[in-house]
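> Listed below are the residues making up each chain.
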Amino acid sequence: KAGVTQTPRYLIKTRGQQVTLSCSPISGHRSVSWYQQTPGQGLQFLFEYFSETQRNKGNFPGRFSGRQFSNSRSEMNVSTLELGDSALYLCASSPAGGRNGELFFGEGSRLTVL
Amino acid sequence: SQQGEEDPQALSIQEGENATMNCSYKTSINNLQWYRQNSGRGLVHLILIRSNEREKHSGRLRVTLDTSKKSSSLLITASRAADTASYFCATDPNTGANSKLTFGKGITLSVRP
Numbered sequence: 001k002a003g004v005t006q007t008p009r010y011l012i013k014t015r016g017q018q019v020t021l022s023c024s025p026i027s028g029h030r031s032v033s034w035y036q037q038t039p040g041q042g043l044q045f046l047f048e049y050f051s052e053t054q055r056n057k058g059n060f061p062g063r064f065s066g067r068q069f070s071n072s073r074s075e076m077n078v079s080t081l082e083l084g085d086s087a088l089y090l091c092a093s094s095p096a097g098g099r100n101g102e103l104f105f106g107e108g109s110r111l112t113v114l
Numbered sequence: 001s002q003q004g005e006e007d008p009q010a011l012s013i014q015e016g017e018n019a020t021m022n023c024s025y026k027t028s029i030n031n032l033q034w035y036r037q038n039s040g041r042g043l044v045h046l047i048l049i050r051s052n053e054r055e056k057h058s059g060r061l062r063v064t065l066d067t068s069k070k071s072s073s074l075l076i077t078a079s080r081a082a083d084t085a086s087y088f089c090a091t092d093p094n095t096g097a098n099s100k101l102t103f104g105k106g107i108t109l110s111v112r113p
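Those protein sequences? They're chains A and B, same order as listed. Each residue of the first sequence is one higher than the last, beginning at 1 in my numbering. Each residue of the second sequence is one higher than the last, beginning at 1 in my numbering.
Since the hints were made in silico from the structure, they are not lab data. A hint or two may mislead.
Unchecked claim - Partial list, derived from the structure: chain A residues whose beta carbon lies under 7 Å from chain B:
{"#": "1", "residue": "Gly42"}
{"#": "2", "residue": "Leu43"}
{"#": "3", "residue": "Glu52"}
{"#": "4", "residue": "Asn56"}
{"#": "5", "residue": "Phe60"}
{"#": "6", "residue": "Glu102"}
{"#": "7", "residue": "Phe105"}
{"#": "8", "residue": "Gly106"}
{"#": "9", "residue": "Gly108"}
As the list claims (entries may be wrong) - Simulated pairs of lysine to aspartate or glutamate, EDC-like, Cα-Cα distance not exceeding 20 Å:
{"#": "10", "chain 1": "A", "residue 1": "Lys13", "chain 2": "A", "residue 2": "Glu82"}
{"#": "11", "chain 1": "A", "residue 1": "Lys57", "chain 2": "A", "residue 2": "Glu75"}
{"#": "12", "chain 1": "B", "residue 1": "Lys70", "chain 2": "B", "residue 2": "Glu15"}
{"#": "13", "chain 1": "B", "residue 1": "Lys70", "chain 2": "B", "residue 2": "Glu17"}
{"#": "14", "chain 1": "A", "residue 1": "Lys13", "chain 2": "A", "residue 2": "Glu102"}
{"#": "15", "chain 1": "B", "residue 1": "Lys105", "chain 2": "A", "residue 2": "Glu102"}
{"#": "16", "chain 1": "B", "residue 1": "Lys56", "chain 2": "A", "residue 2": "Glu102"}
{"#": "17", "chain 1": "B", "residue 1": "Lys105", "chain 2": "A", "residue 2": "Glu107"}
{"#": "18", "chain 1": "B", "residue 1": "Lys70", "chain 2": "B", "residue 2": "Glu53"}
Unchecked claim - The following residues of chain A were derived to be distant from chain B, with all beta-carbon distances above 10 Å:
{"#": "19", "residue": "Gly28"}
{"#": "20", "residue": "Ser65"}
{"#": "21", "residue": "Arg73"}
{"#": "22", "residue": "Asn77"}
{"#": "23", "residue": "Leu90"}
Cβ atoms here follow ideal geometry from the backbone N, Cα and C, with glycine treated the same way.
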């Protein structure tokens with residue numbers, strides 16, 4: 001089985017721009033979670049989607065949004081980028097969510113905001 | 001805020017030695033998981049221990065869970081240079097909410113050849 005695929009792996013944006021990150025989960029997995037990882041804050045939960053519905057949301061401003069498609073692929077969007085949004089964004093999939101077992105992570109999308 | 005707090009923040013040992021890492025958490029949990037991350041890469045699941053379990057083994061890994069002290073430990077025996085990575089504990093709080101694993105800030109393990 002192919003693992004979790006995140007694209008793009010690296011990207012550079014400037015303040016005020018917006019960015020869309022994509023995540024293709026493992027085939028058959030219906031839950032997709034997104035995390036932001038920074039040296040200062042560690043891994044912070046952004047949101048989780050299950051069967052196209054946002055099931056849980058972390059404490060991030062409304063500039064951070066996401067969605068999930070019928071094939072379970074997910075995208076997250078960050079609008080009006082700020083310097084502090086520079087981070088490694090990690091996507092993780094699971095059959096039903098972390099509550100019932102492990103999360104399978106992608107390699108991440110490293111965003112640099114200049 | 002992080003639910004899990006790992007200790008120590010950094011650990012440096014010689015190849016062949018054992019590495020012990022600790023995690024403390026604040027609220028009741030359904031399960032606790034340990035993950036590993038190589039520099040700049042995604043996280044890889046190592047082991048999951050449920051709240052009604054006290055100890056679990058997987059290869060060179062041994063995890064213990066003490067729910068009365070709200071703590072867990074991860075022991076890596078006979079460490080290898082390839083074990084050099086960051087290790088995270090993640091807790092699934094028993095809040096009735098849906099999936100939301102909460103990670104600690106991690107422990108950086110360096111294994112010297």
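> Which earlier hints can't be squared with this structure?
3, 5, 12, 13, 14 and 23
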